[in-house]
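Residue numbers (this note's numbering), protein chains in the order written: chain A, 7 to 310; chain B, 195 to 536.
Hints may be right or wrong, so weigh each one.
[Stated by the list, open to error] Straight-line distance between alpha carbons at most 30 Å, and here's what the computed BS3-like set of lysine-lysine pairs gives:
no. : chain 1 : residue 1 : chain 2 : residue 2
1   : B       : K241      : B       : K524
2   : B       : K458      : A       : K293
3   : A       : K303      : A       : K171
4   : B       : K266      : B       : K490
5   : B       : K458      : B       : K490
6   : B       : K364      : A       : K248
7   : B       : K458      : B       : K475
8   : A       : K168      : B       : K427
9   : A       : K167      : B       : K393
10  : A       : K284      : A       : K178
11  : A       : K248      : A       : K293
12  : A       : K303      : B       : K408
13  : A       : K168      : B       : K250
14  : B       : K236      : A       : K171
15  : A       : K293      : B       : K471
16  : B       : K266      : A       : K167
17  : A       : K303      : B       : K393
18  : B       : K476      : B       : K490
19  : B       : K473      : B       : K490
20  : B       : K427      : B       : K250
21  : B       : K471      : B       : K458
22  : A       : K266      : B       : K393
23  : B       : K423      : B       : K408
24  : A       : K179      : A       : K168
25  : A       : K266      : A       : K284
26  : A       : K293      : B       : K266
27  : B       : K364      : A       : K303
28  : B       : K266      : A       : K266
29  : B       : K403      : A       : K303
[Said to hold, decoys possible] A short list of chain B residues far from chain A (calculated; beta carbon distances all over 10 Å):
no. : residue
30  : T208
31  : H214
32  : R227
33  : Q265
34  : D271
35  : D272
36  : R280
37  : Y286
38  : N298
39  : N451
None of these hints come from the bench; they were simulated from the model. All residues carry an ideal CB built from backbone N, CA and C; glycine is no exception.
Next come the chains, spelled out residue by residue.
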Amino acid sequence: MKKRPFLNTSYFSGLLLTVITGFTIMRSWGEVKSISAINWLDVMSEGGMVLLACFWLALLLRSRPAGRVTQLLALGLCGIVFSWSMDFLDEFIHMPSTLIWHNWLESMPIPFALILLSIGIYHWHQEEIAISAQMVKRERYFREHRLFDKLIPIGGAAYLKKQLKLSLSESKKQQQPLALIAIDLDDFNVINRLYGVEEGDHILQLVSQLLLLNLRDEDLICRLAGDRFIILLHNTNETEAKQLSLDLQNAVASFAYRTKTHHQRVYLSATSAITMAKTDDSDSLIKRLNLQLSQLKQRSLAAS
Amino acid sequence: MAKLVKTLGYETDTPCLVPHYQPAVLVELTLSRDVSDYHLLKGTRLKLDDFESADKRISPDQYLSLIRNCQKLTEADDISFLYGQRLLPGFYGAVSQALQQVTNLRQAIDILCDYHVILSPLYTPRYYENGEELFLYWTDSTGSHEQHAFIIESTMSAFVSMVSWLSGEKMPWQYEFSYDEPEYIEQYWVNFGQNISFKQQMNRLRLPKQFPDKPWPNAFKLGIHGALKESDKQLAEEYSQYSFLDQLYEYIQLHINEPLNLDKVSFAFGVSPASMKRKLKKHHTSFQQQLDLVRKHTAIYLYEVQQMNSQQIAEYLCFNDMNNFRRAFKRWTGISPYHLFA
């Protein structure tokens with residue numbers, strides 16, 4: 007994923023043009039103040055506001071994909087930047103108060119800008135709801151982007167630990183069984199070695215999507231580390247969990263991955279372990295699950 | 195005592211590493227994670243072209259700042275393990291070829307130790323064994339300081355991943371680390387398994403003794419001799435076969451049952467005590483620390499291999515008084531000899 011260019015230049019050039027127009031209008035009707043008449047405190051605070059609003063606009067344009075909501079928010083912010091910069095220029099140019107429209111330039115755009123911004127924020131809210139619906143199975147209770155996995159769009163180990171603590175207390179309160187699945191690709195090191203880390207990263211991204219497709223809406227998947235994923239199954243008993251883990255293994259085994267460069271077919275398989283939450287805390291639970299998985303791997307290796 | 199060390203080994207600021215060996219692997223891995231080369235090379239005094247040149251050499255210091263940048267920019271806890279998996283046998287000329295043709299684990303370890311300056315320039319591998327186990331441990335050869343966990347993680351996963359790749363077998367390694375359990379312990383579980391312990395005396399691997407001599411499938415007995423002869427030529431062209439800290443370690447180890455001090459060792463190295471001190475400071479260590487390190491390792495060796503008791507170990511290490519030994523031992527290891535040698 008490439009980053010978008012830092013500034014979406016058309017918004018900024020349009021903004022610059024209107025500010026210059028505003029400035030020329032003010033310059034031709036008003037008169038420049040003498041140095042002693044300038045209130046420097048106002049200059050500082052109003053200039054700071056303009057800079058901050060420009061910063062918001064830059065962040066918004068950089069982080070959001072283009073689209074209707076982005077356009078509304080950006081135009082709203084542009085209006086605010088314009089009116090604040092007129093306010094700022096006002097400190098240097100005195101407009102004769104006999105002129106009816108002497109303060110229109112700074113106060114007229116504000117209501118329009120705020121209306122645009124409000125419509126934008128409303129649609130943003132709708133958009134967030136839609137995105138949250140897509141994030142189901144990847145997050146529960148709370149969102150914390152700092153705990154997202156850097157490589158794959160699901161939570162990492164830290165997110166898992168926090169979630170597990172919450173789920174443990176919840177399942178205890180409601181007296182529901184809580185099951186955990188650990189699933190790990192077999193010989194993933196060999197894949198990295200044969201096809202390179204970039205290919206390995208891509209496989210992990212796709213496998214995480216594949217696992218997501220095979221989960222129920224109430225389940226939560228996180229990446230523990232490397233090629234090992236942990237799935238939290240709420241209100242699930244051991245038989246159901248076992249069935250689900252088999253389904254996941256089958257899904258991985260029938261996944262026909264072809265490498266990006268040479269379209270070679272890569273055969274994948276996975277080992278999974280399940281455990282039920284009993285009286286232990288989150289750390290010992292994860293530890294137990296991992297131990298179980300390593301033993302299973304050792305055994306399958308000895309059998310082959 | 196005559197001057198024993200003829201030429202001093204490479205130091206942390208000696209340009210002696212080939213950039214298109216290990217450093218290039220790191221650069222490629224980091225760039226594949228969407229990091230810009232400008233940020234990665236910032237402060238390393240390196241250009242991307244340097245990794246393509248045949249004659250350029252870089253210092254361990256530059257390599258370490260490359261590692262620092264990589265850690266900071268990727269912010270991924272698994273990067274050291276992924277890096278390690280690509281390091282061995284590697285593409286380092288004849289030595290890598292020789293590694294690919296080894297007949298068993300013992301030969302692989304021998305090659306790793308003999309050609310460590312090419313295969314593992316920042317951490318030096320050494321090994322010993324007793325009737326039950328083989329112990330492979332690493333010591334810092336250039337004062338890696340803050341990056342030591344990254345280097346240990348990549349060094350160990352490099353070796354273990356190479357062994358399972360070439361032997362086609364997962365061996366029951368036991369992992370010991372000298373540092374505290376890191377926050378990202380899951381990475382250790384997934385990459386190393388469950389036999390891991392922290393706050394140990396050394397960074398080392400242990401393996402039951404039936405494994406080192408088990409024959410490996412892809413061995414090529416005829417080819418490996420030629421490859422090893424060529425590796426010797428390759429080694430002779432290196433700046434030095436040891437780092438300065440390696441030489442010091444080995445010198446102290448050789449003279450461990452004599453009373454040693456800074457003056458005596460500086461004389462043997464042909465440098466003044468003041469410049470010896472300066473060199474050690476550059477590597478974030480001191481003479482006392484190095485002496486204590488070798489004594490600790492020797493004590494553990496004497497216990498595990500020679501099966502000496504505390505009394506005998508104290509005598510071997512020139513302690514006349516058991517109380518002194520106990521106090522010193524506590525300083526080296528953090529625990530009393532009776533605890534460790536129980």
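When the hints from earlier in the document are held up against this structure, which numbers fail? 1, 2, 4, 8, 13, 14, 15, 22, 25, 32, 34, 35, 36
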